[in-house]
Amino acid sequence: MERLRKAAVWLDDRLHLTALYASTAGHEVPASSGSWFYVFGSGTLLCFVIQVLTGICLAFVYVPSTNEAWTSLQYLNHTQFLGWYLRAVHNWGANFMVAIMTLHMIQVFLFGAYKYPRELTWITGVFLLFLTLGLSFTGEIMRFDQNAYWGLGIGAEILGRVPGIGAGLVHLMLAGPIIAGETLSRFFTLHVFILPGLVMAVVAVHLRLVLTKGINEYPRPGHPVHKATYDAEYADILRKEGVPFVPYAIGKDLIFAAIVIVGILGCALIFGPNGPSAPPDPTIVQASPRPDFYFLWIFAGLALLPGWMEAWIMFGVPLISFIVLIMLPFWSGTGEKSVRRRPIAALVVITAVLVFGLLTYEGQTTPWSPHMSAWSADPTPVQFLQGRTPLEMRGAVVFQNKQCRNCHQLGGVGGQRGPALDTVGERLTRLELVRQVIQGGGNMPAYGKKLTPAEVDAVVSFMQTLRRKGVPPAQNSTTPENNLPRDLALNRNSGLPVKQ
Amino acid sequence: MSEENREVVQHKDIHSAPEQKQAAADPTRRDMLFHLGVGLTTAATVLLAIPLVGFVCSGFLVGRVNAWISLGPLEAFPENTTRLATYRNPFTRPWDGQTANIPCWVRRLTGNHFQVFAINCAHLGCPVRWFPESGLFMCPCHGGVYYEDGSRAAGPPPRGLFEYRYKVDNGQLWVWGGEMPTLANPV
Chain A
-10 MERLRKAAVW LDDRLHLTAL YASTAGHEVP ASSGSWFYVF GSGTLLCFVI
40 QVLTGICLAF VYVPSTNEAW TSLQYLNHTQ FLGWYLRAVH NWGANFMVAI
90 MTLHMIQVFL FGAYKYPREL TWITGVFLLF LTLGLSFTGE IMRFDQNAYW
140 GLGIGAEILG RVPGIGAGLV HLMLAGPIIA GETLSRFFTL HVFILPGLVM
190 AVVAVHLRLV LTKGINEYPR PGHPVHKATY DAEYADILRK EGVPFVPYAI
240 GKDLIFAAIV IVGILGCALI FGPNGPSAPP DPTIVQASPR PDFYFLWIFA
290 GLALLPGWME AWIMFGVPLI SFIVLIMLPF WSGTGEKSVR RRPIAALVVI
340 TAVLVFGLLT YEGQTTPWSP HMSAWSADPT PVQFLQGRTP LEMRGAVVFQ
390 NKQCRNCHQL GGVGGQRGPA LDTVGERLTR LELVRQVIQG GGNMPAYGKK
440 LTPAEVDAVV SFMQTLRRKG VPPAQNSTTP ENNLPRDLAL NRNSGLPVKQ
Chain B
-13 MSEENREVVQ HKDIHSAPEQ KQAAADPTRR DMLFHLGVGL TTAATVLLAI
37 PLVGFVCSGF LVGRVNAWIS LGPLEAFPEN TTRLATYRNP FTRPWDGQTA
87 NIPCWVRRLT GNHFQVFAIN CAHLGCPVRW FPESGLFMCP CHGGVYYEDG
137 SRAAGPPPRG LFEYRYKVDN GQLWVWGGEM PTLANPV
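Chains A and B are the protein sequences, given in the same order.
Heads up, the first sequence is in the numbering used here, so the first residue is -10 and it goes up one at a time.
Heads up, the second sequence is in the numbering used here, so the first residue is -13 and it goes up one at a time.
To be clear, the hints were calculated from the coordinates, so they are not data collected in a lab.
No residue lacks a Cβ here, since even glycine has one placed at the ideal position from N, Cα and C.
Careful: at least some of the hints might be erroneous.
Label pairs and their in silico Cβ distance ranges [unchecked claim]:
1) A:Arg3 to B:Val24: 31 to 39 Å
2) B:Phe20 to A:Ser266: 55 to 63 Å
3) A:Ile339 to B:Thr28: 46 to 54 Å
4) A:Arg3 to B:Leu19: 28 to 36 Å
Produce the complete structure using the sequences and hints provided.
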């Protein structure tokens, strides 16, 4: 025992460990910061450590070559002892990291912790946010499957829209003229060297600032921050109710750490590894690329934006949100910290959560994407066929064969790109239906060249039967002669084009 | 250069106490060594940075790379049909694997009259699929739709499908390609 003590003293004399401990783990924090709300920062850091550990393990086996990556992932999943589990832990560690980081950011914002004198702590945190999202995207590419391949394509197409230097940026991103070997090497380098290295460096600054400027005290309404007086007030808080971080304030962090670790391990065990999906072979065109859930909101945004504002949003939103986040502590660096006195801050968080949440939901359900196999896989529900004439039945066949249902639902099954057509016969008159089918419009292609007049006649007759029981077909009140029975109306208007 | 620099540092570390006395008497020598050290190290660092930055950013400067690529004999493409064709990208590394196999849609109208479309949707590059029954290309990502001649029919794409230059030579169909098409750099 004496020998151990001597060794410890010798080490301390050489490394000054006691002083290091006193100025780091033992530094004084306000007792009020020992709150459950303050555990998310350490939780995010813990996830990062787990990612580094599992990532190093995966790198023992993973081959960052376009020729071998997918096969090495299959090897990890099926052959390497515990390979599937480490892949699952790495994937769930990433999910937890993004989720807990988001909670950390929301908490810091609502508690006014970004205000004077902790501006730089917030700014380094913003950089960590973007670095983490960069790790998420490059990590998705490491899972080099069909989604990764087309995800790279989407990234390249976005860069290609940068005015002036778009083509050069695409070359720089892909490290060549196409997505190929060097592209994956480039993203591998980003994912395992550059971005984690940057995260470590910025985390060091982030933590250093927690020590130099102190952790935010639990905000109380009616105690606004003034630059002239805050430092003295904080020193006063520390004098009155300061406690060493270890062991007095770290307890909840440790409990949360255990929950996070068990949560990641449990999710990994239950849900298993994520993919890889189909191999990254571009000649397999039966692909429906989707990003991981962190980027579904971008995916949704790009589908829902009007074309004219697309370029503005693509580059404007990231740039403006970055600037706003960086400038936030300078624009509102003083004043009330408590969210009870900051209704706009609460509104901002609620709005952001709703926007990101709804866009993510839309990105998950993708109502704008045609259901590529609806025409061949989803039979027409029987209730839409019962009691129909032969012509109408033939129309139903045309309706199915011409892929109408890839975009239109019948009986709740089919694409949602266009409106559901269960009751279209109540909404559109015969001639309106003919016009819509032949000319398209309102985001529907024109089918005039692909349908014979007989087919148009049949499919429109079928669609006119799509009505609720007892509801008559749509009528045109201004030109009643168009409401005549089918054959008469056709003769009068002879509106159908002649097949060329 | 760096050796000289190290010399200065070592000098400072070991003899810092007596040096201080000298410095007051002889400031010019120390100043000169310091400024020389900073200057030389800066120059050396720039020398180091040139190959590093040049290596990483070389892709930015690469000009367009294209070549005539054969898609196979004309008989593979019956008239009035649209078919998927694939080619091996001419600019490959040995470890590219299947990623260098690039698909495209070949539409043969009549005779030697063709249209060859890139697989990539003009919106964000997802692979469009051909539906012969309705004569449409549909994109699975954001719902872009194109007519059989490649023109935009519906959805978010800002233009029609990217179209390769082609030629018929020696009984084969050739396209001028090699790069992934983007809005900034259509095929």
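Cross-check of the supplied hints:
Between A:Arg3 and B:Val24 the beta carbons are some 33 Å apart, a value that agrees with the proposed interval 31 to 39 Å. For the pair B:Phe20 and A:Ser266, the supplied restraint of 55 to 63 Å holds, since their beta-carbon distance comes to about 60 Å. As the Cβ distance of A:Ile339 to B:Thr28 is approximately 52 Å, the hint placing it in 46 to 54 Å holds. As the Cβ distance of A:Arg3 to B:Leu19 is approximately 32 Å, the hint placing it in 28 to 36 Å holds.
In summary, this structure violates none of the numbered hints.
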